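Can you build the whole structure from these sequences, using the hints too?
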Amino acid sequence: MKKKKQQYPEPTVGGLIISPKGRIFLMKSHKWEGYYVIPGGHIELGETFEQALRREIKEETGLTISDIRLICVQEFIFGKTYHKSNSHYIFFDFLCKSKTEKVHLNEEGHSPIWVTLKEALDLPLEPYTRKVVEKFRRMIR
Numbered sequence: 472m473k474k475k476k477q478q479y480p481e482p483t484v485g486g487l488i489i490s491p492k493g494r495i496f497l498m499k500s501h502k503w504e505g506y507y508v509i510p511g512g513h514i515e516l517g518e519t520f521e522q523a524l525r526r527e528i529k530e531e532t533g534l535t536i537s538d539i540r541l542i543c544v545q546e547f548i549f550g551k552t553y554h555k556s557n558s559h560y561i562f563f564d565f566l567c568k569s570k571t572e573k574v575h576l577n578e579e580g581h582s583p584i585w586v587t588l589k590e591a592l593d594l595p596l597e598p599y600t601r602k603v604v605e606k607f608r609r610m611i612r
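For the sequence shown, position 108 (counting from the first letter as 1) is numbered 579 according to the numbering used here, and the numbering increases by one without interruption.
These are computed hints drawn from the structure, not numbers from a lab.
If you're wondering where the values come from, they're calculated on a predicted model, not measured in any experiment.
Every residue gets a Cβ at the ideal spot worked out from N, C-alpha and C, and that includes glycine.
Possibly wrong hints are sitting among the right ones.
For lysine-lysine, the following BS3-like pairs were computed, each having C-alpha atoms within a straight-line distance of at most 27 Å [claimed, not checked]:
1. K529 <-> K589
2. K492 <-> K568
3. K570 <-> K589
4. K606 <-> K502
Across the chosen pairs, the derived CB separations fall in these ranges [unchecked claim]:
5. E590 <-> E518: 14 to 22 Å
6. H513 <-> H581: 15 to 23 Å
7. T519 <-> E546: 17 to 25 Å
8. R612 <-> V544: 15 to 23 Å
Set out below in structure tokens:
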């Protein structure tokens, strides 16, 4: 009898990036059916959360980030809005700052925008990004 390989949730990081003007960075992604998202991705074996976040943000946006702090942890199980509907992820989402609003997107993102908190909440955000933005709103009240 062939033994089935054990599968586990995949840990990922995401960054809610705040500019010097106090604006939030968002982009659209082919992975989320055109919703606005925060940049992020998988944690590679041997990486810390912070190393993974810095690498993913740099790869996807060209931005260098600082003042990193955990904002929330979310679990994604078999979501319909994601391009891989049979996925199970643990999202570790962080608040961070950038010294510039000048971005250079890689192939994962398109339609980059810097918006106010109010403007962000009026956009079509994928559900997990919306939770991060709403958590940030509660933090700054």
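Structure-based check of all given hints:
1. Annotation: proposed proximity of K529 to K589 holds, straight-line Cα distance about 26 Å (limit 27 Å).
2. Only pairs whose Cα atoms come within 27 Å are accepted, and K492 paired with K568 is accepted, the gap being roughly 10 Å.
3. Our distance criterion of 27 Å between C-alpha atoms is met by K570 and K589, whose separation comes to about 21 Å.
4. Between K606 and K502 the alpha-carbon distance is near 23 Å, which keeps this suggested pair within the 27 Å criterion.
5. Between E590 and E518 the Cβ separation comes to about 33 Å, which falls outside the hinted range of 14 to 22 Å.
6. For H513 and H581, the Cβ-Cβ distance of about 20 Å falls inside the hinted range of 15 to 23 Å, so the restraint holds.
7. The hint said 17 to 25 Å for the Cβ distance between T519 and E546, and at roughly 20 Å that hint holds.
8. Between R612 and V544 the Cβ separation comes to about 21 Å, which falls inside the hinted range of 15 to 23 Å.
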